[in-house]
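Using the sequences and the hints given, assemble the complete structure.
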Amino acid sequence: MGLELPVPMVRDGAGAPRAPGAGWGWSSPSPWCGMGLDLPVPRCRMNVGVAHSEVNPNTRVMNSRGIWVAYGISVGALHVVLLSIPFFSVPVVWTLTNVIHNLVMYVLLHAVKGTPFETPDQGRARLLTHWEQIDYGTQCTAARKFLSISPVVLYLLTSFYTKYDPAHFLVNTSSLLSVLLPKLPQFHGVRIFGINKY
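Counted the way the numbering used here counts, the sequence shown spans residues 1 to 198.
Among the clues, some could well be false.
Distance condition first, Cα-Cα at most 30 Å in a straight line; then the derived DSSO-like pairs of lysine-lysine [said to hold, decoys possible]: (1) K197 - K163; (2) K163 - K145; (3) K163 - K183; (4) K183 - K197; (5) K113 - K145; (6) K145 - K197; (7) K163 - K113; (8) K197 - K113.
Hints were generated in silico from the structure; no laboratory data involved.
What follows is the structure in structure tokens.
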């Protein structure tokens, strides 16, 4: 009664005809895999390289595309916001930028432990800080070098723009040491006086 569409002739790899839908499964040549549409079109491929295959995504987040640029832009935006406050002088703004940056860096990299993701690593990352998880703990990688050099560059800029004032210098130096010392390889996994042990 109704309109019947012709069934397309499907051929296997050797050119022999076969029934539509026979033996296609996961290696279906149809881009509509699993929809029951067996049309003679190019093979359906897996999206290799699209999804991460990391057990713990925290290990590679600092190596992902654009994260260093976003980091620099966020520090610059913090500085511009602080500059827009009318009663702050330029040296105070630079010191505040440095101290806020180092405080946030300390909290996010050296104080908070575990991962925000559900990881199948049997809880191994639960007792590690984000700094200890970066690149699976391998020292001197590009991400670790970047995160170690950026506070030093900000410190040098701050020292220059505060004209090496002793009060600003003391605050900025102590702030720098609070984020540089935990990054040293000698302190990897070390909890001084048991602080942040659990």
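Checked hints:
Restraint check for K197 and K163: not satisfied, since their Cα atoms lie roughly 40 Å apart, outside the 30 Å limit. With a C-alpha separation of about 27 Å, the suggested pair K163 and K145 falls inside the 30 Å cut-off, and the hint holds. A C-alpha spacing of about 28 Å is found between K163 and K183, which places the hinted pair at or below 30 Å, so the restraint holds. A C-alpha spacing of about 17 Å is found between K183 and K197, which places the hinted pair at or below 30 Å, so the restraint holds.
Proximity of K113 to K145 is assessed by CA-CA distance (about 21 Å); at most 30 Å being required, the pair is judged to hold. Straight-line distance between C-alpha atoms of K145 and K197 comes to about 25 Å, which keeps the hinted pair within the 30 Å bound. For the proposed pair K163 and K113, the alpha carbon gap of about 37 Å is over 30 Å, so the pair is violated. Our distance criterion of 30 Å between C-alpha atoms is met by K197 and K113, whose separation comes to about 10 Å.
When held up to the earlier numbered hints, the structure conflicts with 1 and 7 and fits the remainder.
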